[in-house]
Amino acid sequence: MTAVEPDPLEILRVLERHRVRYVLIGAAAARVAGAPVVTEDLDVTPALDRANLKRLATALRELDARLRSATEPEGVPFPVEPELLTPAEIWTLTTSAGYLDVCLRPSGTGGYDDLRREASSELLAPDLTVSVASLRDVIRSKEAAGRDKDLAQLPLLRRTLEQIRDRELRRRGR
Amino acid sequence: MLSGDLLVEARRRAGISQAELARRSKVAPSLIGRYERYEVIPSLERLRELLRACGVELSFRLAAVDASDHDRVLIERELRLTPAERLRRGLAAGRAFGSFPEHDGGRA
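Just so you know, the sequences run in chain order A and B.
Per the numbering used here, numbering of the first sequence is gapless, rising by one per residue and ending at 174.
Per the numbering used here, numbering of the second sequence is gapless, rising by one per residue and ending at 108.
Isolated chain A, as found in the complex (with noise of 0.2 Å):
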């Protein structure tokens, strides 16, 4: 029998099943932008209000959620309930569909409604639309980090940004 891969745009498919309010952030949201950066997983910043942690966690259980660990490659489960997730910053989660992170505040940004600011409605597959992260919202993000990970990634993601502002500033006339 083949085994079949997992499709981490299902995820946003049980998020959006689910009416979870979330923008799609980190590489993936940058990927979206037009930066040729590689990702595995997929992280999102949630709204923080209950009753959306209250559907972002019955979401996550039919994802089968557990937490990310280096020593255990099913994950190992957790109690996914509403008022666990919200002391965190960020839950690293492996579901039946690949990886995910939750990231409740983001280096350097106001978390959820900070980032719907300057988000945009992409449609990322047939039956799919997400709200995405602005490319210099992750930037931003991404240097308040700091971590070298981060950082190494940074000057690619500017410049994305620049030859985006070129291309538009073109279109004006500029």
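No wet-lab data here; the hints were simulated from the structure.
It cannot be assumed that every hint is accurate.
[Stated by the list, open to error] Examples of chain A residues lying across from chain B (beta carbon under 7 Å, computed):
(1) Arg31
(2) Pro36
(3) Glu122
(4) Leu124
(5) Ala125
(6) Arg136
(7) Thr160
(8) Glu162
[Stated by the list, open to error] Partial chain A-side listing against chain B, Cβ under 8 Å, derived:
(9) Glu5
(10) Ala28
(11) Val38
(12) Thr39
(13) Glu40
(14) Leu84
(15) Thr86
(16) Gly108
(17) Leu123
(18) Ile139
(19) Ala144
(20) Arg158
(21) Arg159
(22) Leu169
(23) Arg171
Even glycine gets a Cβ: it sits at the ideal position worked out from N, Cα and C.
Got chain A; can you put chain B on it based on the hints?
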């Protein structure tokens, strides 16, 4: 060209409005908006002053020109795709190469 985006990034990191930045840097509030929208391009010196007013320093490094234009070509190729195609390719490459699990909150 990145001056407008650098300014927005620095201002948001500082958590201040255009009006507050204008007050701190003693320029007209409308000018901050025009800088951010690329309607006016600030001089390098003016940009440094504005960024300092946001509490950050513009740092410099002279790097050799990438004669192969490798990144520019890659980015142009990406920009010709739809957002869905870009993400699909990015995730496929991630699966092929694998990526290291991330364990902290530094991203947006």
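Hints the structure fails to honour: Violated hints: 14, 15 and 23; rest satisfied.
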